[in-house]
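Let chain Y serve as the given structure and place chain R on it in line with the hints.
Read off the chains here:
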Amino acid sequence: MQNNSTQPVRIELDKACREEQFDRAEAWFKNVQLTQASFRQLLEDTVEKIEEPHIKDYLHTMLEQARAHETQAEALFAEIGCTPSAVRATLGEFLGKGRELWADIIAFSGSAKGPWQDLQQLYIANLNSMSAFAVAEQLGLALGIPAIVEITFGVIAQKSTDHLLLQECALEMCSKSILYHESF
Amino acid sequence: MEEKKEVSSSNRGFTIGKSPIRATRASAEALKDAAVPARPVIDPNDVVVPDGYEVEVVMTGLSFPTDIAFADDGTVFVSEGGSSWPTRPYMPARVLVLKPDGETEAISMNVQAGPRGIAWRNGELYMCLKGGYHMQIARYNLQSGELNILIDKLPSGGWHEPGGPLFGADGLMYFGNGSVSQQGVILPAGFTVDMAKHPLAHDVPGQDVTLTGNNVWSRDPLKPYPYLTETGAFKPFGVPAQKGEVVKGELFCNSAVWRSKPDGTDVELLAWGIRNPFGMALNEEGELYVSDNDFEEKGERAVANDPDRIWHIKNASKPYGSVTTPDWYGFPDICGDGLPVNHESHLPLKGKAAELLLQDPPPWAGPAAFLERPHSCMCRMDFSKSDFFGHRGELFVSEWGTLAPLNSPRPEDLDHGFRVIRVNVKDGTAEPFMHNRSMGPATAQGSGGIERPVSSKFSPDGKSLYVLDFGVCQVTKGAMFAFAHTGVLWKISRKEGYHAK
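Chains as they are written, first to last, in the working numbering: chain Y, 1 to 184; chain R, 185 to 685.
A hint or two may mislead.
Stated by the list, open to error - Calculated lysine-lysine pairs in the BS3-like style (CA-CA distance at most 30 Å, straight line): (1) Y:K15 x Y:K49; (2) Y:K15 x Y:K176; (3) Y:K56 x R:K407; (4) Y:K15 x R:K202; (5) R:K283 x Y:K15; (6) R:K675 x Y:K15; (7) R:K216 x R:K679; (8) Y:K176 x Y:K97; (9) R:K502 x R:K432; (10) R:K407 x Y:K176; (11) R:K610 x Y:K15; (12) R:K610 x R:K647.
Claimed, not checked - Computed from the model, here is a short list of chain Y residues facing chain R with C-beta under 8 Å: (13) Q7; (14) V9; (15) Q138; (16) G144; (17) A147; (18) V149.
Keep in mind that the hints were calculated from the coordinates and are not lab data. Even glycine gets a Cβ: it sits at the ideal position worked out from N, Cα and C.
The following block holds chain Y by itself, in its conformation from the complex:
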């Protein structure tokens, strides 16, 4: 460090240090995009499969929120001077389709019928994307950027609420799917 001891010392606030940490945060924000796109894609497809009107309504409302959360994931990038990744969003949609396939395999081996296993996968996918947003929030605090926290806090709160709903529906309907082999 240049020795000019009359001037204040700044710790890890030089341009190079900040940009290095922004680059690393950008890589994580791409993961946020990916996990949220994956969740939204799986949710879109699951809504179509469910016939029970109440659960269909819950998930349809959740889908509208998931689309808004995807937009908010993209907004994270601007706070560190970057642009969102189109590739990660597409890859996320692909992974969402992959989870449906995985749900079919588990349903077959676990004697479950109907869309229940998609619901169970949604529960896990939401937790995955919620934790990705939560990590982004911690990065916002660590970088000293309130705008990142303002974006993520509301998303995490909503996804936490969604998590309770998905858990409740998945646990509630498992008996119908596994013991009675009925769809809903």
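Showing chain R alone in chain Y's frame:
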């Protein structure tokens, strides 16, 4: 529930060593356009101090700093990082070193919660570290790099903080350890922070106590459904106490203050019942004073209008080794004003009113040397010992500032703290010494002044007061957010030619 008393055999200490730090110099003008959005401006001109004193910025970009220490040659040490308040995000746990020639380095350590209090003595750095089920006191030799864990049996893992370490003219080491519980029993709120990591942690008394059996009912966050559970004083969460049950007092307790030899041996318990003895200071007469923070007005054992306080630890004036019974300062049943927590003046507007936990409690060691407005959050402090600086014999106390509206529903609590006061401990009065033009944190006012003072220490020559500013911590009714890289080390000096009164 299983007890967790000893450190795991897998815990072999932590690695520590000197490392470079990415530090640059910035002009005072450059600080008016700082690189951190959470604290965009830092400007000494926005800080108010009495006539005859001037304020300058020494360091910026600090991440959740907790304490200051000095070597005899003027080297400045600042502890920062780890998991502090709230416990996320973790920032590198280290002690920053600023040498008299302007060079910087870091003493970095691989330990989760990090250093909370530091003191320099004879070429060695002493540190109080929080983290895990036990608070530790460690000694690091700055020349050899040798680390010794001096004490690792202090029950911790919960809400409150270590105090000290500090050294008296008697050569003894003084230190404290705050309560595990926030409100006298372990409650669900703790599981959003430290209790998630330490679900078996609990308070330990410094004397034998008999319990009333007034347990606290709460939601059980450890269960998947909204079950209720019952928790007693000095018990892990979910374990009720029985009426008339006796809990044995222990030397290694919490909500307490001790002294020992500098190597951590011959530990003597001076006092307990001090909720959060984070600030500790000895005056020129060798008298020990300890800051303590009030109960919160929320949750399942809420207490209103409990004043922050400074206790005079009278046992510290007795000869070393002669204290047979520690003094008790009131936690978990007596407020700073000496009234019980269930007194009508302490009934809460928010949360469930507290009941007494101790049957036939020990004699109360109050009254306090000084009472401050609730939620001012008095922290680390130091006595002026210099006629040049002025106010010799007065105690300069950092006030971190309120967490209202999170911990109090009262509008009058919203701007308490966020300043440094000077306290006359002999007559219990105080005057503001360092504050913003309007009370409250600078960023809430769009100014470049102080946010949350966490430690105030005089330089070895006594001529300058260094004030460590924790940085930006935003609070809402339901959450708090602390932003890294927003901490500042300020220095207050007397202007040349000014004669202090």
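Results of checking the hints against the structure:
At most 30 Å may separate the alpha-carbon atoms for a hinted pair to count; Y:K15 and Y:K49 exceed this at roughly 51 Å. For the proposed pair Y:K15 and Y:K176, the alpha carbon gap of about 59 Å is over 30 Å, so the pair is violated. Restraint check for Y:K56 and R:K407: satisfied, since their Cα atoms lie roughly 29 Å apart, inside the 30 Å limit. Distance restraint check for Y:K15 and R:K202: the Cα-Cα separation of roughly 24 Å lies within the 30 Å cut-off, and the hinted pair is therefore satisfied.
The straight-line distance between the Cα atoms of R:K283 and Y:K15 is roughly 24 Å, inside the 30 Å bound, and the hint therefore holds. Of the pairs offered as hints, the one joining R:K675 and Y:K15 holds, with about 26 Å between alpha carbons and a cut-off of 30 Å not exceeded. Taking the CA atoms of R:K216 and R:K679, the gap is near 23 Å; set against the 30 Å cutoff, the hint holds. Pair hint Y:K176 plus Y:K97 holds up; C-alpha atoms about 24 Å apart against a cutoff of 30 Å.
Restraint check for R:K502 and R:K432: the C-alpha separation of about 25 Å stays at or below 30 Å, so the hint holds. Taking the CA atoms of R:K407 and Y:K176, the gap is near 25 Å; set against the 30 Å cutoff, the hint holds. Restraint check for R:K610 and Y:K15: the C-alpha separation of about 50 Å exceeds 30 Å, so the hint is violated. At roughly 23 Å between alpha-carbon atoms, R:K610 and R:K647 fall within 30 Å of each other, so this suggested pair holds.
A cut of 8 Å between beta carbons decides the hint on Y:Q7: the least distance to chain R is about 4 Å, and the hint holds. Interface restraint check for Y:V9: the shortest CB-CB distance to chain R comes to about 5 Å, inside 8 Å, so the restraint holds. Taken as an interface hint, Y:Q138 checks out: its beta carbon lies about 4 Å from the nearest beta carbon of chain R, inside 8 Å. At its closest, the beta carbon of Y:G144 sits 4 Å from a beta carbon of chain R; the interface hint therefore holds under the 8 Å criterion.
Among the interface hints, the one on Y:A147 holds; its C-beta lies about 7 Å from the nearest C-beta in chain R, closer than the 8 Å criterion. The interface hint given for Y:V149 holds, since its Cβ lies 6 Å from the closest Cβ of chain R, which is under the 8 Å cut-off.
In summary, the numbered hints that this structure violates are 1, 2 and 11.
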